[in-house]
Amino acid sequence: MPDELDALRHFRDETPGPSTGAWTRARAAIVAAQAHEAPAGREPGRRSPGRRSPGRKPGRRRVLWIVTVGAAAALAGLLAVLLPGSLASRGTGGQVETTAFVTHVEHALSELGHRNLIGYARSVYPPGYSAEPVSPGGLRVSPSTGAGSPWNVRYLVVWAYQRVSKESAFSAAGYRVFDLRFAPVHGTLTSTGVIYHSRTWWRGAIGPAPVQGGPPPTQCGPGIRLGTGGWPTFIRYELSCGEFTKGGQQRIGGIEAIQLTGNGGRETIWVNPRTYLPVRTVFSAPGGPQLQTDFGWFTPTRARLAELRLPVPPGFRQVAPPAQPSGPPPGR
Amino acid sequence: MEGAQPAAGDGRIVSSADFEAAFQQHFPPVYRFIARRVGPALAEDLAAETFATAYRRRGAFDPGRASLRSWLYGIAMNLVRNHWRAEQHLLALDARLVPEVDLSGGAGTVDERITAAMLAPRLAAGLAQLTRDQRDVLLLSAWAELSHEEIAAVLDIAPGTVRSRLSRARAALREHLGDFNFDLWTFDWPGLGSAPGGLDHA
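Those protein sequence lines, which keep their order, are chains A and B.
Counting from 1, one number per residue, gives the positions in the first sequence under this note's numbering.
Counting from 1, one number per residue, gives the positions in the second sequence under this note's numbering.
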């Protein structure tokens with residue numbers, strides 16, 4: 001005999017199930033939880049010992065990895081990452097020898113500007129690598145000088161929205177190594193860095209703030225150069241000129257992504273065929289390590305936008321920003 | 001997932017496959033449970049946070065103490081409790097809904113739709129009048145379909161307390177639906193007999 005519980009169940013059954021967006025949002029939250037957790041050797045469920053900003057919540061994210069050197073002017077919101085030997089000839093003034101040199105500039109997610117999306121990216125560095133801010137706008141990634149180096153980094157998490165981005169680096173043990181935030185201030189792109197091992201912070205100017213949306217690709221070649229039209233335009237262009245070739249499909253994070261391979265197999269991008277936005281990228285250095293980045297693209301919410309904030313922890317001392325090195329990093 | 005270890009095989013969440021399986025199986029019902037209580041906009045965030053929290057605390061899950069789904073609903077309940085006002089507001093809105101019924105289709109189907117459309121605001125009003133404790137127990141039983149023991153684990157109360165709260169909640173809701181005829185699954189219509197068949201659906 002039916003009763004009030006059946007009536008309630010009827011009420012419940014009219015509720016739609018989770019949308020694709022809800023699934024994506026949940027997967028992103030799980031990925032964020034992973035990003036805030038030590039990668040290996042730690043008891044599941046145990047809190048990471050890394051310093052955390054007060055009130056910081058596991059985030060939502062999005063990110064983009066690109067290999068470019070010194071391409072600040074060309075980038076409108078892209079994070080540029082170089083691995084040893086990769087893309088060395090592609091830079092516009094930078095140089096890469098045996099070490100990785102990462103230049104991040106504000107350009108990467110030009111796509112975000114067009115679509116009003118928040119991008120999240122989480123990159124996994126090979127074991128034994130360090131990442132160190134070497135200028136207000138430069139990050140050097142290179143083989144570590146030793147297990148005790150305070151710059152040893154295993155994960156880099158990036159959030160970006162329009163022309164603001166934040167990068168957070170974590171050690172293999174889950175410690176927060178540094179946070180960098182980039183934002184235009186009165187027409188000048190500025191960066192704020194918080195270095196946790198030294199309990200210091202700095203603020204510096206990089207140069208004129210890039211205009212949202214650079215030029216579209218004008219020539220085919222390895223690497224990722226986003227311009228007007230963002231990812232969809234870039235991917236279509238690279239496919240049209242044969243730089244990238246389509247592979248099979250692979251389910252990544254709940255998305256049936258299409259695999260695109262370019263630069264002699266060194267660059268692989270998995271793309272959501274519905275949006276042409278990247279789901280994952282993998283860059284391989286010749287005979288060297290791989291850099292894998294997973295992406296998420298989300299509508300802006302207050303909680304997600306909060307990921308772009310960078311509060312300076314109490315007691316941290318302000319110092320001068322690091323100076324740009326004149327040549328390749330030492331000791332390589 | 002990073003740091004994945006071999007599956008334990010005893011119900012614990014150890015490997016990435018364990019967590020993925022739990023996510024695939026339980027996300028839809030947990031999402032719907034939350035959405036029904038606080039609305040779909042807030043549900044997206046709360047359901048996501050439920051599983052992110054579950055991932056972070058997966059090492060603390062003990063299948064010997066609670067079923068996986070009751071553990072997940074426990075996390076969800078803690079999040080939903082922080083949005084009591086949102087739930088009350090949603091119930092108040094639902095209670096004021098003017099029933100809208102799509103009259104296309106067969107007559108029998110229309111009857112069911114009319115009943116459902118009229119029942120929804122009454123149920124919402126009835127739920128809104130329950131105490132928070134009564135509502136939690138009632139909805140974990142009716143919507144999450146947890147056993148008394150599972151509800152006791154979720155809310156950290158004795159099974160006997162679950163039974164008494166559920167009994168009071170059901171009685172209060174039934175009283176609020178006083179003119180609903182559960183046997184005929186329709187409201188009693190004054191002057192028209194018990195069934196809505198007196199309505200002309202043609």
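The reader is advised that the hints may include incorrect statements.
[Unchecked claim] Which bits of chain B does chain A cover? Going by a derived footprint, with three or more residues having C-beta under 8 angstroms, they are:
#	region
1	21-29
2	43-49
3	63-71
4	79-91
5	153-159
6	166-178
[As the list claims (entries may be wrong)] Computed beta-carbon distance windows for the label pairs:
#	chain 1	residue 1	chain 2	residue 2	range
7	B	D156	A	P314	33 to 43 angstroms
8	B	A21	A	Q290	46 to 56 angstroms
9	A	P127	B	R168	33 to 43 angstroms
10	B	Q24	A	P127	57 to 67 angstroms
11	A	F316	B	R168	50 to 60 angstroms
Worth flagging that the hints you see were computed from the coordinates, not collected in a lab.
Quick reminder that beta carbons are idealized off the backbone N, C-alpha and C, glycines included.
Of the numbered hints stated earlier in the document, which are not met by this structure? The structure conflicts with hints 3, 4, 5, 8, 9 and 10, although it agrees with all the remaining ones.
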